[in-house]
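Asks: Given next are the chains, with one letter for each unit.
Protein chains: 2
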Amino acid sequence: MAAHQIGIIGLGKIAQDQHLPVIKANPNFELLAVSSQRGLSHEDAKHTFQDYHDLLKLPEVEAVAICTPPQVRYVIAREALLAGKSVLLEKPPAATLSELEDLRHLADKMGKTVFTTWHSQYNKAVDEAKKALAGWSIKRLQVTWKEDVRHWHPGQQWIWEAGGFGVFDPGINALSIVTRIMPEPVFIKNASLEFPANRDAPIAANLTFSASHGTGDLQAVFDWRQTGPQSWDIEVETEAGLTLKLSHGGSCLEIGGRLVVQEKPAEYEGIYRRFDALLTIGRSEIDDAPFRLVADAFMIGKRVQVDAFEE
Amino acid sequence: MAAHQIGIIGLGKIAQDQHLPVIKANPNFELLAVSSQRGLSHEDAKHTFQDYHDLLKLPEVEAVAICTPPQVRYVIAREALLAGKSVLLEKPPAATLSELEDLRHLADKMGKTVFTTWHSQYNKAVDEAKKALAGWSIKRLQVTWKEDVRHWHPGQQWIWEAGGFGVFDPGINALSIVTRIMPEPVFIKNASLEFPANRDAPIAANLTFSASHGTGDLQAVFDWRQTGPQSWDIEVETEAGLTLKLSHGGSCLEIGGRLVVQEKPAEYEGIYRRFDALLTIGRSEIDDAPFRLVADAFMIGKRVQVDAFEE
Numbered sequence: 504m505a506a507h508q509i510g511i512i513g514l515g516k517i518a519q520d521q522h523l524p525v526i527k528a529n530p531n532f533e534l535l536a537v538s539s540q541r542g543l544s545h546e547d548a549k550h551t552f553q554d555y556h557d558l559l560k561l562p563e564v565e566a567v568a569i570c571t572p573p574q575v576r577y578v579i580a581r582e583a584l585l586a587g588k589s590v591l592l593e594k595p596p597a598a599t600l601s602e603l604e605d606l607r608h609l610a611d612k613m614g615k616t617v618f619t620t621w622h623s624q625y626n627k628a629v630d631e632a633k634k635a636l637a638g639w640s641i642k643r644l645q646v647t648w649k650e651d652v653r654h655w656h657p658g659q660q661w662i663w664e665a666g667g668f669g670v671f672d673p674g675i676n677a678l679s680i681v682t683r684i685m686p687e688p689v690f691i692k693n694a695s696l697e698f699p700a701n702r703d704a705p706i707a708a709n710l711t712f713s714a715s716h717g718t719g720d721l722q723a724v725f726d727w728r729q730t731g732p733q734s735w736d737i738e739v740e741t742e743a744g745l746t747l748k749l750s751h752g753g754s755c756l757e758i759g760g761r762l763v764v765q766e767k768p769a770e771y772e773g774i775y776r777r778f779d780a781l782l783t784i785g786r787s788e789i790d791d792a793p794f795r796l797v798a799d800a801f802m803i804g805k806r807v808q809v810d811a812f813e814e
Numbered sequence: 504m505a506a507h508q509i510g511i512i513g514l515g516k517i518a519q520d521q522h523l524p525v526i527k528a529n530p531n532f533e534l535l536a537v538s539s540q541r542g543l544s545h546e547d548a549k550h551t552f553q554d555y556h557d558l559l560k561l562p563e564v565e566a567v568a569i570c571t572p573p574q575v576r577y578v579i580a581r582e583a584l585l586a587g588k589s590v591l592l593e594k595p596p597a598a599t600l601s602e603l604e605d606l607r608h609l610a611d612k613m614g615k616t617v618f619t620t621w622h623s624q625y626n627k628a629v630d631e632a633k634k635a636l637a638g639w640s641i642k643r644l645q646v647t648w649k650e651d652v653r654h655w656h657p658g659q660q661w662i663w664e665a666g667g668f669g670v671f672d673p674g675i676n677a678l679s680i681v682t683r684i685m686p687e688p689v690f691i692k693n694a695s696l697e698f699p700a701n702r703d704a705p706i707a708a709n710l711t712f713s714a715s716h717g718t719g720d721l722q723a724v725f726d727w728r729q730t731g732p733q734s735w736d737i738e739v740e741t742e743a744g745l746t747l748k749l750s751h752g753g754s755c756l757e758i759g760g761r762l763v764v765q766e767k768p769a770e771y772e773g774i775y776r777r778f779d780a781l782l783t784i785g786r787s788e789i790d791d792a793p794f795r796l797v798a799d800a801f802m803i804g805k806r807v808q809v810d811a812f813e814e
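Going line by line, the protein sequences match chains A and B. Here this note's numbering is used: the first residue of the first sequence is 504, the next is one more, and so on. Here this note's numbering is used: the first residue of the second sequence is 504, the next is one more, and so on.
For the record, the hints were derived by calculation from the structure and aren't laboratory data. Be a bit skeptical, because a hint or two may be false.
Which copy is meant is left open, because identical chains are indistinguishable; a pair holds if it fits in one copy or across any two.
[As the list claims (entries may be wrong)] DMTMM-like, lysine to aspartate or glutamate: derived pairs with alpha carbons at most 25 angstroms apart:
id	residue 1	residue 2
1	Lys692	Asp554
2	Lys692	Asp790
3	Lys612	Glu740
4	Lys692	Glu582
5	Lys634	Glu604
6	Lys594	Glu604
What you are looking at is a predicted structure, and each value in this text was computed from that prediction instead of being measured.
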């Protein structure tokens, strides 16, 4: 089978760091075109456009990866589907749940693949954690996602605007692991969202979950004010006494205190293997569970004002 | 076919005002049991329980109408489905979208009917508005939902708590009409939510929508501080020049300035006719579109603090 001819829309940091090198290393994809509003080009692409509409006009393009900021993803994805292209969406897949739902209908209607990617799910440690927890009742879940926003998001004003998600931008990665590994769905029961006095997005959040079964103690804390060591950890304890710890953003797994997986992250390699498979069989994979938890947290969360944040 | 044997869980105002008389008047339903945590009973019901678990144990009960506050609906609905009962849910159908999604899966798994009711949709004027707008591009949408919270929700503290929805409690009725009548889906583009300094839920909201097609001016304003005349109006203008106004919460319709429908609301009569049909054919109807718009508005909305609210 010939390689999938792909285009990348939006040449920001994630496209440069991940999508471009991973596509180049995967023989089942061929980078046909890129589009960049800022007029960036890339040596590997045969075609470079400033306007993504021109990229969508190329009949050879089978699929596009949309790597723009989330606010414009829906409009681009919709036009891509209507142009007969399949679509890979960076996380979060759209600005709102209603936009994503419309893409689901449109993918069905056009018979094209839509693939919502949640990169943190593509770790061997996450797969192994899911297997280890399958079928058990959960007694305790503690998600600790604490990082220094000044280090990881310097100068990114849009993340602080309404709709920019704030600390849920990294937090949704944790939630995407939670929805993957938990043997039963979890729901937001209570949330407190800490908004700096001068910002329209939360800098920290405390979430309490409930599950259908049992009375487990299920918690998450997200904080963007962490200096020193950074934490991207998920600890789980089952009713039967199994303990499990995912650390380093989902790339290391300890079970019962013993290190069982420690691998260099290769998340985007896994994403493109999955996209290859979905394109080949002509199926979509639209997972809105992490995004729904974020919307639920904003909807039922209590807002608390905290100190102004200056970069 | 024998009448559907039904139970009502939660005997608050909406059960007393609507569900009980409407069930009594519909020969296709027979009220078998009620449950009320406060120990209320009802003369029409053969059985009265304080604990809804006892109601769910009655093998003759085919379906239950859940009329409790939204926070506990999911847990009750889940237990009802697992007990083999079909479920009618008052609006909003759950506390969070993730809870509703789980009920969708469970309804499928159990082969039972789940019916999310949006009472404002059950008006002839709404049906006629939908027909009139089908196939047209929308130039302007103006939703004006302004009422006096002191008059309509006296002493209801839970609506002011986080997760109590605030002005979206009536506002979701407007959104349920919008999602019903608009010929294309709409999305929240911007929102500003006004929170009283001493409350955890908004007292007013301004929403701007976008649609897949066109560049229409689509707006909604919800306000709970309205004294004097109350407004529950939806005005629509199509690109082709058709103007339409739904007023009085969806019970009156003017097209081109001419009154075409003016009927005494009979919303719950319509809801129970629909439930009868769904039970008879064994299908679910789970419409999360209005609820999704509310979650989207909270997720991307800008919070603005306004004067404290005292009853």
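Asks: Confirm or reject each hint.
Replies: Cross-check of the supplied hints:
no.: 1; hint: Lys692 x Asp554; result: between (44 angstroms within a copy, 23 angstroms between copies)
no.: 2; hint: Lys692 x Asp790; result: both (21 angstroms within a copy, 22 angstroms between copies)
no.: 3; hint: Lys612 x Glu740; result: neither (43 angstroms within a copy, 28 angstroms between copies)
no.: 4; hint: Lys692 x Glu582; result: between (37 angstroms within a copy, 18 angstroms between copies)
no.: 5; hint: Lys634 x Glu604; result: between (29 angstroms within a copy, 23 angstroms between copies)
no.: 6; hint: Lys594 x Glu604; result: both (15 angstroms within a copy, 21 angstroms between copies)
The structure is inconsistent with hint 3 alone, although it conforms to all the rest.
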